[in-house]
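Novice: Protein chains in written order, with my numbering: chain P, 1032 to 1386; chain B, 15 to 421; chain C, 605 to 872.
Fair warning: there could be bad hints in the mix.
[Stated by the list, open to error] In silico DSS-like cross-links for lysine-lysine, where the CA-CA straight-line distance does not exceed 27 Å:
#, chain 1, residue 1, chain 2, residue 2
1, P, K1233, C, K820
2, C, K799, P, K1366
3, P, K1366, C, K845
4, P, K1192, C, K866
5, P, K1301, C, K799
6, C, K643, P, K1366
7, P, K1127, C, K643
8, C, K845, P, K1233
9, C, K820, P, K1372
10, C, K643, P, K1233
11, C, K643, P, K1300
12, C, K799, P, K1233
[Claimed, not checked] Quick look at which bits of chain B chain C covers, simulated, 3 or more residues with Cβ under 8 Å:
#, stretch
13, 66-80
14, 372-385
Calculated from the structure, these hints are not laboratory results.
All C-beta atoms in this analysis are idealised placements derived from N, C-alpha and C, irrespective of residue type, glycine included.
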Amino acid sequence: MSQSAATSGTTPAPPASANPANAVPRPTRRGFLRTGGMLSVSSLMGTAMLMTASNDAKAAVEWAETFQKNYRLMTEQERQEARLRLEKRYSAEYDKKVSVDIAGPQPGVLMGYALNIRKCIGCRRCVHACVAENNQSRGERPGERIEWIQVLRMERGEFTKERMDQGYPEGLGIQVGGNAYTPAGVQLEGQYQYNPETVPEKDATYMPIACMQCEKPPCVKVCPVRTTYREADGPVVIDYNWCIGCKMCMNACPYWARRFNLTTPVLPKKDMNPVTHYLGNRPRMRGVVEKCHWCLQRTRHGRYPACVEVCPVGARKFGNLLDPESEVSKVLARKNVFRLKVELNTFPKFFYFYD
Amino acid sequence: MLLRFVSDYARYVLKGGPRFYAWMGALSLLILGMLFVFYLQNTEGLIVTGMTSQIHDGLYLANLVFLVGVAAGAVTIVFPAYVYHHEGMHKVTVLGEMLAISAVIMVMVFVFAHMGRPDRLWHMIPPWGIYSFSSMLGWDVLVLNGYLFLNAVVGFWYLYAKYSGKPVRKGLFMALVYVSIVWALSIHTVTAFLLATNPSRPMWFHSMMPIRFIATAFAAGPALIIIAFLVVRKNTKFWVDDSAIQLLATIVTWCLGIALFLTLSEIVVELYARTEHANGLYYLMFGLHGLTALVPWFWSAVVLMVLSFVLLLIPAVRNDMNKLPWVCAMAFAGIWIEKGMGLIVPGFIPSPIGEVTEYHPTIFEWMMVLGIWAFGFFILTILLKGAIGILLGEVRFGGQPAAVGAE
Amino acid sequence: MKRLLIPAAVLGLSGAVWLSVVAQDKAAEAAAAAPAEAKEVVCFESRQGATEVTQRELSPGLLNVKCSPTTGAALWYGDPYDGTVPMGKMPNMDLPEDQAVVKPRTEKLSQLAACGTACHNGTYPKGFPTSNKPVPIPTMEALVPELKDFQHGRGAIWCLDCHHNTQRNKFSDHFGNPISMDQPQQLCGKCHGDKLRDWRDGIHGKRIGDFTSTGKKRWFTCSECHNPHNVQHGETSRGFKPLQPEPPPQLPRGMADASHEKLHPITH
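The following block holds chain P by itself, in its conformation from the complex (with noise of 0.2 Å):
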């Protein structure tokens, strides 16, 4: 700020202001603004900081759980860590003790599973059994409730008059071929919201499909975190704490089997399964993806999975593939056995089966 000083003869006396012992900073809208924006940033940033350090003790186990490694990689000592953090933080929001297991694979023990086609009645209760064992989000609005396992339903299509001449199915082409379509065992235009009175209904066939835990699996393949990956006694598992939830794994699967949280699950107190997991049915967050992983919590123990115990017509068969003995080698032994999507060669160690 320059003041051009008069230099003609007579100089008149500069004015009072300008002796800068006299200097008093004059209100100026520049000024003004400059001293409230200061000041309202640094009562923002005061704030902030308060409402950062609240809770010292809470805030450095948040940090701790925010930074931790990924599952696969921490040693004994940072699993058992991890594992207390989790069951404070969720003993904390469910009220009640709950217990997060980190039990690793079992050896000699390869787990499979095989369902039986010609049983399912497509009750759902091994959907909701799933449900009621693992913690999934079960709110009302759209994409809050989360289910791993879906039943698809698939006509039996039967040759009758009404249903012939009627050309191609999609109306579209030269037709070449015949005239008798009908829609017996056609899996991609398959029902899955089918809601009648009674099931089995007697034009229908069922066939339940969650992950397939493929001994292949593509969507470890294209996890760029590795985040999921295949444990040595079978089940591909997440370590959600890890997902980035960028759902390339969503992508890769063939048999849909992945679900995405859309939003912070809802689940509700009085509903919260407190025997948990760490890779398996304990609460997720938002933004991370989810999928069956044959309730850990208890074939790492011993028990059958949920949908397994709760089969009303007893179609699902669980078991160790390693054991001769075992319900799963002998249904591969005697029955009639196939896989889903066999051509991608992913090598579902979920096996269909029928007798």
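Once you've looked at the hints, dock chains B and C against the given chain P.
Specialist: Here is chains B and C on its own, set in the frame of chain P:
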């Protein structure tokens, strides 16, 4: 010296008339909308969008994939300029690099928008995180960051050389330029691989994806660049040579033609046998089970692309600088629709186990999309303005803006 | 004024960025506590009327069974062995004591005690048929209404092929030896041998508990799923009475209803 460069650059950018500030102000409003939706997504989650577990890649991934193509399209300037020594292109190369930088930044912001947990992205960076060599997304992140770095280095090195008056050291600079040319092809190829290596998605699981992506990238990218150049001609004193624009128009024409050919061949191959693998394409073209939300989008994209291709074939249109931007906008819009609505969303319909659902983006999703595009254009404007100032000689080391420089 | 506009805008923008980045998760909604249920909750496992379980708390917070609010089905077992007794010795099944348990059927049969004493006290009642021809008895048909149209075997078997002729609270094998109603598999396997073989290996039927081949399991016995007096659903349901299904999955956002699933390209 470097600091002077930055401050001179910034000071030049900030000097602008009311139209400039109106443009930036409008973009800022949209950017605020984007920040608001980011806040919503970080608190409520992605439930504020129209995404579901069935269709879990929506507008964000669509725009992301499209913008990777636009970023790769910058190579259509760099390649003729440096390999074929095209004089007209050589003068404007750095502007293309600025566009590439803004496009890649847009891609990265869309990645943040698309993720469930953007606060955990550090999980991808070793040594604190894990980098998985088998994951195409990991490779995509790597090549995108590399491309950003390359373009930033090459572009700003060139600008800095012009600013300081010192010539560029040819050896390293040219090496980086050649690397960036190849790298541009790689970013869109890896993005195509991201989708095409999923046998679970039959609509994407074919080897035509990478070439189709490159073809549409080299049609959409230059189309946008042409429009940008014509805007630059109109609003600044910088004159982009006719030869540059015409070469770009030729590239757009032929790449659009290749893209149309590939689309046609896909339609013929899929619909000849009409297996269940063609369900996604059938949904897009005609609807499935009575659900037809995307049908109008597909056919309008076809009309836009075919019409713009035919018009571009006509020299009278291609060389007319009044008609050209409109045709380029048509091509750009057509490819945007075809890449987004026409490729990403139908890949999920039906789901791998046959569930047919539809995707309806919410207002928040559109706000985010517009906001990120606004953010990209914001950055583009800043970069282009500064670059033009340097190219014009108005921003020079050791001098106030030259006398001819006006606002 | 313009000089301040830029820094103010930058400050505002960075503040907004900071806010959007450090925003905390919306707190999970706490559901209101459900009012205390005075009525007891009863659900059924496989066969309505024969496999009822009453919900009760085994220990604080652990229920023995969780029931479906829509269909009354048992959905989840807190303790798979709750209410079970050892299966007892079974021919061709070499299981250690206590490794196989079953839920006793005898407790569920409301008229079992009466059968053994009220009318049939171990001797032949008056008017006992001298040939193998079933004679309709109004009392029996009133007690067990399904007998009106008895289809099991399609006319090739009758009551005393399964039920013991003097000890009416037992089944009978071909030699006249009594079989406990808690071991119906010994009876059913007489004719359905392939099913028995599969049942012994765990392929047919149901077992819950420990999945290892040497683990303790609760075995579901034949009559817990099948009603031998009513096999009319044999063609489609293989002996089961059709059940009410659980509700369908939630419709994803963007779908108003599921009517599109009924529209096939293959027209109906």
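Novice: State whether the coverage of the stretch 66-80 of chain B by chain C holds or is violated, taking the criterion as 3 or more residues with Cβ-Cβ distances under 8 Å.
Specialist: holds (count 4)
Novice: K643(C) and K1233(P): Cα distance at most 27 Å?
Specialist: Between K643(C) and K1233(P) the Cα gap is close to 36 Å, so the pair fails against 27 Å, i.e. violated.
Novice: Given the hint that K799(C) pairs with K1233(P), test it: the Cα-Cα distance must not exceed 27 Å.
Specialist: holds (24 Å)
Novice: Check whether the Cα positions of K799(C) and K1366(P) lie no farther apart than 27 Å.
Specialist: Cα-Cα ~13 Å, so holds.
Novice: Check whether three or more residues of the stretch 372-385 of chain B sit with their beta carbon closer than 8 Å to a beta carbon of chain C.
Specialist: holds (count 3)
Novice: Assess, step by step, whether the Cα of K643(C) is no farther than 27 Å from the Cα of K1300(P), and give holds or violated.
Specialist: Holds, at roughly 21 Å.
Novice: Going straight from one Cα to the other, do K643(C) and K1366(P) come out at no more than 27 Å?
Specialist: violated (46 Å)
Novice: For the pair we were handed, K1192(P) and K866(C), check the Cα-Cα distance against 27 Å.
Specialist: The given pair, whose Cα atoms are some 20 Å apart, holds under the 27 Å limit.
Novice: Holds or violated: are the alpha carbons of K1301(P) and K799(C) at most 27 Å from each other?
Specialist: Not satisfied, since the Cα-Cα distance of roughly 41 Å exceeds 27 Å.
Novice: For a C-alpha distance cap of 27 Å, please report whether K1366(P) and K845(C) respect it.
Specialist: holds (26 Å)
Novice: Taken at face value, is the distance from the CA of K1372(P) to the CA of K820(C) at most 27 Å?
Specialist: violated (35 Å)
Novice: Measure nothing beyond the straight line between the CA atoms of K1127(P) and K643(C); if it is 27 Å or shorter, mark the hint as holding.
Specialist: holds (24 Å)
In the structure shown, a violation is registered for the earlier hints numbered 1, 5, 6, 9 and 10, in ascending order.
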